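Engineer: Here is how the chains run, residue by residue.
Protein chains: 2
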Amino acid sequence: MREAVAAGVVVEVFLVPGAGPELEQLAAGLPVTWVSQSVLEAIAETRTPQGIVGSCRWEPASLSAALPGGGPASVLLEAISDPGNAGTIIRTADAAGAAGVLLTTGSVDPTNGKCVRASAGSLFHLPVAVETSIHEARSAIDPSRMTFAVATGDAELDLFDWLGSVPEQQSICWVFGAEASGVSDQARALADVQVRIPLFGRAESLNVAAAAAVCLYADAGRQRGKLK
Amino acid sequence: MREAVAAGVVVEVFLVPGAGPELEQLAAGLPVTWVSQSVLEAIAETRTPQGIVGSCRWEPASLSAALPGGGPASVLLEAISDPGNAGTIIRTADAAGAAGVLLTTGSVDPTNGKCVRASAGSLFHLPVAVETSIHEARSAIDPSRMTFAVATGDAELDLFDWLGSVPEQQSICWVFGAEASGVSDQARALADVQVRIPLFGRAESLNVAAAAAVCLYADAGRQRGKLK
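Those sequence lines, one after another, are chains X and R.
When we follow our numbering, the leftmost residue of the first sequence carries the number 1, and every step to the right adds one.
When we follow our numbering, the leftmost residue of the second sequence carries the number 1, and every step to the right adds one.
Worth flagging that the hints you see were computed from the coordinates, not collected in a lab.
Errors might be hidden in some of the hints.
To be verified - Facing chain R, according to a computed beta carbon distance under 10 angstroms, are these residues of chain X, among others:
id, residue
1, A93
2, G106
3, V108
4, D161
5, A213
6, G225
7, K226
Said to hold, decoys possible - Per label pair, the in silico range of CB-to-CB distance:
id, chain 1, residue 1, chain 2, residue 2, range
8, R, T33, X, A65, 50 to 58 angstroms
9, X, E41, R, T111, 25 to 33 angstroms
10, X, G153, R, L199, 39 to 47 angstroms
Only a predicted model underlies this, so the values are computations on that prediction, with no experimental measurement involved.
Cβ coordinates follow ideal geometry from the N, Cα and C atoms, glycine included.
With these hints in hand, go ahead and build the complete structure from the sequences.
Structural biologist: As structure tokens, then:
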């Protein structure tokens, strides 16, 4: 909630009487509707809302805003249906300095309550495009400035072996697929490169949000000259 | 389920009639109890179990098994109460080749159904110790072989700046705290080093499981000579 207020996207606030001065201060200057705890719970879609709920303005970004190419990375999520994973990846993309996130048709709606909460405000920090397709995103990329990199556990190329060879000024569009089914054949066919995160133990794969964190921070390290 | 069978820890299987040859084959050689879909759902604690549930044998590891020191990293989770985060971190630790995971008193029970599912079998792959304390873990470490590194967003030292200077043969015990409260004062006081993951965008922090993924894979990269 604090993050949404800071981002200037809150249009209306619902407060419980007696919520305390801190929450009332958070709502200062915004239209407030006073509600009971049970109404707040119904609005918040969670069992333990923290005394305040905000209604926020959000608009999906354009393809070009989420995928500027050159400079910071972009993240393309293909059919990611778990809202917690999608929100966590949006948060991680923000933290890692990515330019934007794109969700293909068939992915979760990023305004899903669980996704918004998992994004911890980042949904309002960087451009997030929805209802895009692998083909549309691929077509929007200038290959001389941005590499279309598909992360998949069965790729031959090790993420770290590959990343070390990518020039610092080249940017990357990272493509992640749903955990159960992985990336589509279409994504593989359109990829400039397919890479896998090395598995050193006995795990068969990584959670997709963990995989995104590894790739995006390894890439941030590369762009700052930290990788060999 | 497949992971648990492969790990040899399943002691009994519950199957729904008509679950199909694939699931029946998975249960081959194990004691099977046939149950209705509604009973299976009650046992599985999920709304959409996949036709099979296994009862597994699991024992917490000793402190020394989870924290051998020298070689691979260990992961110490301080008061991590979210089962999804704990399970995802156990899975990521396994993937990154960590030696083991420790949970302090006050953390979630790793046999919690959500934690087991989030670990995707990794709970059965590497030693996981429970009911430990920061002090107990710190005392078990030989500082000449293992560094007690506390990850916290307010540290001055950048993870990547620090890691590049750690000798490849030195191993690290990574300490992560709960998202809301962070690591304890005790953990900070006992730390050899406190490091932060750099935040390049506008996110105020990372999800703890994403933070663990970044640290553990950066460390795996360091141990393999990939970091500058």
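Engineer: Look at each hint and say if it fits the structure.
Structural biologist: Outcome of the hint check:
1. Below 10 angstroms, beta-carbon pairs count as interface contacts, and X/A93 has one with chain R at about 8 angstroms; its hint therefore holds.
2. Checking X/G106 against chain R by beta carbon gives a least distance of about 19 angstroms; that is not within 10 angstroms, so the hint is violated.
3. The criterion of a C-beta within 10 angstroms of any C-beta in chain R is not met by X/V108, whose closest approach is roughly 16 angstroms, and the hint is violated.
4. Restraint check, X/D161 versus chain R: the minimum CB separation of about 8 angstroms is within 10 angstroms; hint holds.
5. Hint status for X/A213: holds, given a least beta-carbon distance of 4 angstroms to chain R, under 10 angstroms.
6. Contact between X/G225 and chain R, as hinted, is supported at the beta carbon level, the nearest pair being about 7 angstroms apart and thus within 10 angstroms.
7. For X/K226, the suggested interface contact is upheld, since its CB lies about 5 angstroms from the closest CB of chain R, less than 10 angstroms.
8. The hint said 50 to 58 angstroms for the Cβ distance between R/T33 and X/A65, and at roughly 55 angstroms that hint holds.
9. Look at X/E41 against R/T111: about 30 angstroms separates their beta carbons, and that is inside 25 to 33 angstroms.
10. At roughly 28 angstroms, the beta carbons of X/G153 and R/L199 sit outside the given window of 39 to 47 angstroms.
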